[in-house]
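Which chain is which? The protein sequence lines are A and B, in order. Anchor point for the first sequence: position 242 equals 242 in this note's numbering, and the numbering is continuous, going up by one each time. Every position in the second sequence, counted from 1, becomes a number in this note's numbering once 1000 is added.
I should point out that these hints are in silico values taken from the structure, not numbers from a laboratory. Yeah, the Cβ is synthetic: ideal placement off N, Cα and C, and Gly gets one too. A few of these clues could be false.
[Stated by the list, open to error] DSS-like, lysine-lysine: derived pairs with alpha carbons at most 30 Å apart:
hint	chain 1	residue 1	chain 2	residue 2
1	B	1094	A	216
2	A	187	B	1179
3	A	216	A	187
4	A	216	B	1179
5	A	216	B	1286
[What the hints assert, rightly or not] To give an idea of the interface, some chain A residues facing chain B are shown, with a C-beta separation under 8 Å as derived from the structure:
hint	residue
6	68
7	75
8	76
9	112
10	117
11	186
12	213
13	214
[Unchecked claim] Every beta carbon over 12 Å from chain B, so not counted as near; a handful from chain A, in silico:
hint	residue
14	57
15	67
16	121
17	159
18	168
19	187
20	202
21	263
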Amino acid sequence: MTDPRPQGVNTKAQPDRARSVVGSNDDDERYASCDSRPLTLSWTINRHLFYTFEVDIDEAERIVPAPLQVVELRPSVALMSVGVLRYEPGHFGPGSPVFLEVVGAIHVSPDLSTDMPVPTMTFSTFQVLSDSPDFVANEDDTLYTPTRLVSLEARFTGDGLGVEAWDEDGPILAMPSAHTEPRWVHKEMWGQHFTNTKGLQHGIWQWDGRLFEHQKRLPGWRLHPHPFWSGLDVGRVRSTYRTMLQEPGTLCHERFYAMRPFGS
Amino acid sequence: MSVDRSEWPEYLDYTYDMFLSSIDGEQSEAVRFARWVDEVERDGLYPFEAPRLEAQYPRVRAERTDGTPLELLNFSSYNYLGLGYHPEVIAAAKDALDRYGLGACSSPVQAGTLGLHRELENRLVEFIGLPGRGASLFSSGYAVNTGTISALMKRRHHIVIDKSAHMSILEGAQLSRAKTEYFEHNDPDHLREVLEGIDSAVQRVLVCTEGVFSADGDFGRLDEIVAVAREHGAQVLVDEAHSFLVAGPNGRGVAEERGVLDEVDYLVVTFSKALGGIGGALIARKEVTRYVNWYARCRMFSCALDPAVTAGVTKALELAAGSEGDERRARVRANAERLRRRLQDRVDIGPSRSWIVPVIYGSENDTIMLADYLLRRGQEGSVMEFPAVPVNEARIRLFVTSEHEAAHIDACADNILDAAKHFGFLREEDRP
């Protein structure tokens, strides 16, 4: 029986899980390690829509573990992001299906003593949902994110620039396609993230792909009350702040390096 | 063909927000930021903080931080009426220096108030021309907002701020610890929505906006904003930093132009723009300014404006309020119109209708290379990028003054269009 779990990649870190990842370019030496941490996961994604919202800072601080510092965009305003991702097939062995992820996080200050490119964004992840048992096991085992297996579904708009997502508990979010003239560029970003299911852990991520980002107002967006929000009152989410959209028809890559207990 | 970006260093991707803080205990943000500056300087690209070697003339001598001499077309100083180096202004400042010495050497509430300060207050009130008004002087325009807002607004009050408002307004709100909310830039309908969401039990609500916004160069829709605020019983603060003595039929700002000068509760003006000095003032009901004199902590607990600047600003106000001011206002507006006409069909200048003309080049990654490119061609503008403006809307702001001549404006436009071609932000039809 094959190991159904991660197609995470780094053979030095996790030899029992070694497998090349469909469509990835992890043979690129520069991604092999970061801050002396091995690359542990590499994903290839065919839909990635990422929305950042302004939210009351006391609401954000309520769900972020100490001693993390919530980024204060403006006085009393924090940032909360939601990503909707659809992964390429084959991540968990030949024929393994496409799967979905919805991830929510609050923006927090990075640890700039980490030996890595200056992070574009740093997250405290409050919830991950997926319809893939393999992915959920993998998140739990490798990144220690608070992840739940649900009957996740997503409907992307025809142009691929908007999405609705829901599961058995009901609708989660509905984001319209609102920008008519996207200018696609290749972008590479480095970032950090924190999780707190096994003590406060610090991780590093890297993303590259073709995207368009803007800060135009998105009329008609909707966040529905749902367990996904982990107690965050969506009524206190004020407005959209920044939208990052992967170019439809392209693949992007997301890489994660080994977690470390924060402060170690 | 535009520039090849493929070999550009990674540090060009970094933006201001990325160094805002670090959670570690060792101030790593300072270490990383210093490393970034060092890298940019090492490559001879650092375009910021180039010291001037003379006054803010339309052409100015400066040098880069590595000592490279520069002769610049100066479109990055907001000396809008050129009064910062007016001979009569300099003479007034020198006289005050001789009579009063270098500094006021005391808090304005204690021994720091000079006869010069009273004279400037009186002239400001006289110039605004509204009954019952007083003026409270501060040693910076920034402090007017932080001091006034924090003096007047407290916990359980609400402050509603235009999303594009200046940082000093945001920090004033933060200091006050009032509940702070925001309305979409220059959007009275959204302001109404926000105000309608505030509990009617809240006793004091302050709406804060500006006359001319410094990122876009657009005018505040003050008549509409004031009307919405009044409908909801809110007071209004208008920062006329970039419009005092430049906008309005008599130079009293955008509030005058929009016919609501007498409805603005707190008028904030600065002395560092059209008046060419430093400092600022709150103009409001006399009892309010008297209160702010004492309860604005950054005023009470810091030294009063220095004598030379106070006298120079007073003279500058006298000039700006008279026929010379009218002439200079006409010139700065004509110059701005000339520059906008040269640029507007060929590059994106946003909604600007003022003497601040932004040229939106887009990607933050281009900022340093573009600023360096322009400096090497003798052109200076003031760059602004995310998060101060929306992502992918990075811009060079061109501050136009009354002292620019047609040749300066045309040369500036030529330089900008050359850079636009080189960096690929000319409008489509102009691209080769």
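Quick rundown of the hints versus the structure:
no.: 1; hint: B:1094 <-> A:216; result: violated (50 Å)
no.: 2; hint: A:187 <-> B:1179; result: violated (38 Å)
no.: 3; hint: A:216 <-> A:187; result: holds (20 Å)
no.: 4; hint: A:216 <-> B:1179; result: holds (25 Å)
no.: 5; hint: A:216 <-> B:1286; result: violated (42 Å)
no.: 6; hint: 68; result: holds (7 Å)
no.: 7; hint: 75; result: holds (4 Å)
no.: 8; hint: 76; result: holds (5 Å)
no.: 9; hint: 112; result: holds (4 Å)
no.: 10; hint: 117; result: holds (6 Å)
no.: 11; hint: 186; result: violated (10 Å)
no.: 12; hint: 213; result: holds (5 Å)
no.: 13; hint: 214; result: holds (6 Å)
no.: 14; hint: 57; result: violated (10 Å)
no.: 15; hint: 67; result: violated (7 Å)
no.: 16; hint: 121; result: violated (9 Å)
no.: 17; hint: 159; result: holds (19 Å)
no.: 18; hint: 168; result: holds (33 Å)
no.: 19; hint: 187; result: violated (9 Å)
no.: 20; hint: 202; result: violated (9 Å)
no.: 21; hint: 263; result: violated (9 Å)
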